[in-house]
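If you're matching them up, the sequences are chains A, B and C in order. So the first sequence is numbered by our numbering: it starts at 1 and just counts up by one. So the second sequence is numbered by our numbering: it starts at 1 and just counts up by one. So the third sequence is numbered by our numbering: it starts at 1 and just counts up by one.
None of these hints come from the bench; they were simulated from the model. Some hints here could point you the wrong way.
[What the hints assert, rightly or not] With a straight-line Cα cutoff of 27 Å, these simulated BS3-like cross-link-like pairs (lysine-lysine) come out:
1) C/K140 with A/K164
2) A/K296 with C/K401
3) A/K164 with C/K286
4) C/K401 with C/K368
5) B/K136 with A/K238
6) C/K252 with C/K222
7) A/K296 with C/K302
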Amino acid sequence: MLSNILIAISITLMYSAPLTLAAMGGVISERSGIVNIGIEGMMSIGALAGATVGYFSNNAWLGLLCAGLAGAIMSLLHAVASITFKSDQTVSGIALNLIGPGLAMFLSRYFFNGATLTIPVPAKLPKIISLKSLQNTAFSNLNIDVTVILAVFVVTATWFLLYKTKWGLRIRAMGEHPAAVDTLGVSVYKSRYFCVIASGFLAGLGGGTVTLAIISQFTPTAISGQGFIALAAVIFGKWRPFGAYLACLLFGFSQALVVMLGGGTVNIPSPLLAMIPYVLTIIMLIVFVGRSSAPKASGVPYQKGER
Amino acid sequence: MIEKIAKFLKTPFACTSIAVVCGFMVACGILLVTGYSASQSLAIMVNSVFSRPKFIVNVILKSTPIILTALSVAFAFKAGLFNIGAEGQYIISTVFATIVGILCDFHPAIQIPLVILSGVAAGAIFGGLVGMLKSKFGIHEVLTSIMFNWIALYFCNYIALSERFNKPDSDGSYPINPSGFTLLLNDWKFSDQGREFLRNNYFLNDVILKTDFNLNFLVAVVVAVLSWVMIYKTKKGYELRVAGLNPDAAQNAGINVPRNIFYTMLISGALSGLAGALSITGTSLHGIQSLAMFENYGFNGLSVALIAGSSPVGCIFAGLMFSALIYSGQSLQFKIGAPSEIVNIMIGVIVFFVALVRIVPSLINKFLERKAKLDVK
Amino acid sequence: MEINKDYAVQMRGITKIFNNSVALDSVDLDVKKGETHAILGENGAGKSTLMNILYGLYGADTGEIYLNGEKVNIYNPSCAISYGIGMVHQHFMLIEKFTVMQNIILGTETTDKFGIINTRKAKKKILDIISRYGMKVELKRRVRNISVGMQQKVEILKALYRGAEILILDEPTAVLTPYEIDELMEIIECLKRDGKTIIIITHKLKEIKKSSKECTIIRKGKFVDRVEVQEESEQSLAEKMVGRKVKLSVEKKPAKAGEVIFRIENLCVKSERGLDAVKNLSLSLKRGEIYGLAGIEGNGQKELLEAIISKRYAESGKILMGDKEIQNTSVRNVLDSKISIIHEDRHKDGSILSMSVADNAILDKYRKKPFCVNGFLNYEERDKFTDSLIKEYDIRPVNCKNTKIRNLSGGNQQKLIIGREVSSNPDLLIAVQPTRGLDVGAIEYVHKILVRLRDEGKAVLLISLELDEILDLSDRVAVIYDGSIAGEFTQEEANEHNVGLLMAGGKGNDRENS
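Put together the whole structure using the sequences plus the hints.
Have a look at this one:
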C-alpha cells in the first residue's frame, strides 16, 4: 500500500513537472494580455535543444539552459507578431505550433544523420530523492527529479512576481486595461515583450525537462500535446500560478492512475485507461470550474493612442 | 495609380500570396543554411506534384479531408468559435464509420450512406458536446476540444486493437465491407476488361488504376459551396456571423447565442466527421490504425482555414496547396535526403506571415496618411 | 500672445491627422498659471485630442508646447508626468479588479528590495493628500465596488500622487450627480488655492460658468476664440461652439398622454454578482409620453433594462406590455411585442462594427419579411431599406451602404441605429443615453425624433445619466436610486434640485453601490 502511494506520488510529480513549467509561462504571458497558444511549439524546440546540447556537451544542466533559451528565441517570433505587428495572437500561436515541432524534427535529422531520435544524453538531470539503495522497502519507490523542485520553485517565483512585486502589479494591470498602464508612463510593449519571452523560456524549460529528466532523448512523440495540456491547465487554474499548478498535479495524478491501474490486477484495456486523465479533466471542469474569466484584455492587441 | 496598387494590396488574396511567398523564401533559406540546394529542392517539389497525372490526382485526393476539416474550422471561426477539436472529430468519425462499415453489410445504396452518416454523426456529437459544455457551463471550447482530441485518439486505439475489430498481426482494424466503398470504377478497373482498356491509355491508367480514384473531392467542393451559401445567404448564417462578431449585440437582436454556439459546433463537428468518414470509404486501408500520435488531419485543417482567412471557397485552394506541399515534402526526403519536415516549417511560416500580413492594409493606410500629411503641409 | 512664464501651458500651431482626416488644425492654447481654464467644444471637435497630445499619449504632427515659458518635448506620458502634468480621462483609466491603493501607486510603486511592493510609505503620502484636499476615499476597497464619483477622486489622487501641478480633467461632470459636481468644484477650488493649474474639457456651458475664468473654444479641429467667461452669455458661448444659432432647450408641445401601455410591477432582479440590483420596482408608461428615468450609474438601470428585454432573470414581479406578461420570456419575444431599444453602448450592444451599414440596418428585423424569405436573406430588400434609412435620417456619407459601420462617425452610427429601431414601428421605445458622445447637431436631431415618436402616440422610456437631458425631454421624471423608484415628478415639478437630491439618495452624501 505504502509503496503504491509512493509510486503514485513519484509519477504524479514527474509528469506534472514539465507541464507546470510550461503552464507558468502561459500564466505570465496571458496575465500580461498575450494569449499564448504556441506553448506546444516552444516546448518542442526546447525538448530538442535540451537533448542535443545535453548530448554534445555532456552536461544536462547546460542542456536545460539551452532548452529555455531555444524556447525564448521561438517566443520572440510570437512577441514580434502579437505585440509589434498586432496580429491575431491565436494565428501566430498556431504558427509556432507548426514551426516548432517541424523545426525540432528537421534539426534532429540535421544533427543526428537523418534520425528523428537523438542519441540519449549520457547523464540525465539528477534525482533529488532516489532511494533505490533501500531495496526491498517501500521507500525505494520514491523517486523525485530535481526538475520537480525546479517546478515548485518556479510556481512560487511566478506567484511572488505577480502578487508581491511592482512588476507583477503592472503585468496584471496591463492584462486588464493596458491603456491605463500606458497613461501612467509604463511601457506596455516592453513589459509584454518580457512576459512573452519569459513564457517561451519556461515552456522551453518544460520541454527540456521531458528530454533531460523523464526520458533521455528527443523523440517525435516526446512532446505530443503537452503544450496543449499546459494551456488547459492555465485556463483550468483560472490564470493563477497555484491554480495552474494544481491543475498540472491533477493531470500528473491521473497519469499515475493510468500507470498503476495498468500494472494492477484490474483488466482494463490500456487505451481506455489512457483516456482517464482527459475524461477526469472534463468532469472536473464541469463540477468545479464553470465560467472562467480570462484577463480582460487578453488576446486584444494594444494599439497605442487608438481612438 | 498608387491608390489602385494600394487597393489591390489590401485584398485578402494579395495578402495571402505575400505570406505564401514569404513561407517559400524562409524555407529555401533554411535549406540553404543546412546545405541543400534550394533550386534543386524547389524543382523536386514541383516535379513531384506535376510530373505525372497520378501525382496530381493524388494531391487532389489527399486534399479532400484537409479541405473538409478546414471548412469545419472556418465555419466555427465565422461564429467566433475556435474548433481546435477538428482532429478528434475526424478521428472519432473514422472509428464509427469503421465499426458500422464492418458490422453491417447492406447493398451499397444503403451501406454507403449508413457508414458516412455514422461517421458524420460521431463527429457532430463530439463537436456538439463541446458546444454544449460551452453554452451550458461556460467551459472554454479550446479546453474541452483538447481533451476530446485525446479521448478520440485513445478510443481509436481501443477499437483498432480490440478483439472484435483488430486485423490479426496488425496495428489496425479490418477494412470495412467493400459495399461501403466510395471508390469510383473500382470493380471495373480490376476486371480483365478494365485492365485491357486502361493498358492502352497511359493517362487514364495512371489516374484511375494507380490511385484510390473517387469523387470525394467533388463532395468537398460541393460542401464548401454549401457552407458559403449557408454563411452568407441564409438567415441562420447571418445569425451565426452576428453572434460570432458581437455576442452582446446578437443577444439584443433576439438571437439565442448559446443555442447558436451549440448548433455551430454541431455542424462544425459534422463537417470534420464527413472528412473522417469519406477517408474510410474512399481511401485504402478503409479502416483505422492504432495511433501513437495525431495524424494532424484536423490540425492541418486549422492551418488551411487560417491561410484561407476562413473563406469557405478559399479553403479549397488553400487545401490543395497544403496537400501539394505535404505530398512534395515526402519526395524531397526521398530524393535528396532533405528532411521532409521542411514542409511543416514552411507551412508554419506561411501561417505566421498570414498573421503578420493582416497588418498590410493598415500599413497601407498609414502610408496614405503620411502622404496626406505631406499634402497638407 | 507671447510666450511668457506666467502661463503654465502654451501650445502653438498644434496639428494632428488621424486616418486621412485633420483632427486638429493649427490650434493654439494659453493657460494662465494657478487658474482654471476651460476648453469648450462639441464632441469630436478635438478637445480630447489636444489634451492627449499635451499628456504625451499622441504625438502632434506639427506644433510646439511651452510649459512655464519654456519649450518642451513631450514624447510619452511618463515625460508629461515628470513635467508635472496629470490627466483624468473621460473614461477612467482604472483597473476594476484592483484596490484603490493599487490603482494609485501603479507605475510609481514604492518598494523594498527585489521590487517587493511596500505600501506603507506610499500610504502616508496618499493620506496626506487626502486630508489636504478633503477627499473621502477608502484605500482598501476594490475600484469596481465604489461609486463613479469616488472613482473620479481616485483618478485625481493618482495625478496628485505623481506630483501634478497641471491637472487636465476630461468631461469631469458627465457622470456625476449635481451634489457630486458641487463637491468636485470645491476640490478644484482647493487645488487652485494650492497653486495648481486646472484645465477642464467640457461641452457643458453651465459648468464653464461655474468653474472657469477663461475659456478656449474649438470647433471641428480649429481654434475659434479665447474668451473671458464672465463676459459671455451662455447663448453666445453655444453659438461659438457650434458655429450657428442653437436652441438650448427642446421645443415640444404639451403631452397628450393616452392609455397605459407598459407596466412594471414589484420587479426584483439580481446583479451579476448575486446582489439585489432592482428592488420592488414599479412604474407605468402611457402612450404619448416621454418617461425619463434619472439616476447615477450603478443604481440598477443596467439590470432593469436587461430584465425588461429578458436578458436577465426577473426574480419576482411582472413586466407587462399591454396586457401581456413578458418577463422571463426571450429577447425575441420582447422585440416581437413591439418594443425597440436604443442601447447605451452602440458599439458593444447596438451594432456589429465589422459588418456593413446595410447588414447593421436589418439587425433587428433580419428574420422578418421581406428581408428573409424561406430562410434566405433578400439582399435587394435589405439594400432598398438601407437606402431609405440613409435618406430619411440623413446618414453620411450617402454611399455608405457597403462600408463597415465602424468607419462612420458616432453621430451617423447613432442615426442609423435610431432609424433602424424607429422603423420597426414600436409601441414602446426604450432609449438609454441616446445622445452619448454626439455633437450638438446630432443631439438636436435625436431629441426631435424622440419627441416626434411621442407625438405619434408611442411611449418613450428615456434612461439617462444626464440630468439636463432628462429634465428637457421628459413629460414625467422618475428617479431610480438603489434599485427602486425614489420619486416621480411631472415636468413642471421637476428641477435640478429636487431630482438631484433623490439621485444622491435623498441625503446628498456619498453612496456606494456594493
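- [ ] Report the numbers of all earlier hints that the structure fails to satisfy, in ascending order.
- [x] Violated hints (numbers, rising): 2, 3, 6; every other hint is consistent with the structure.
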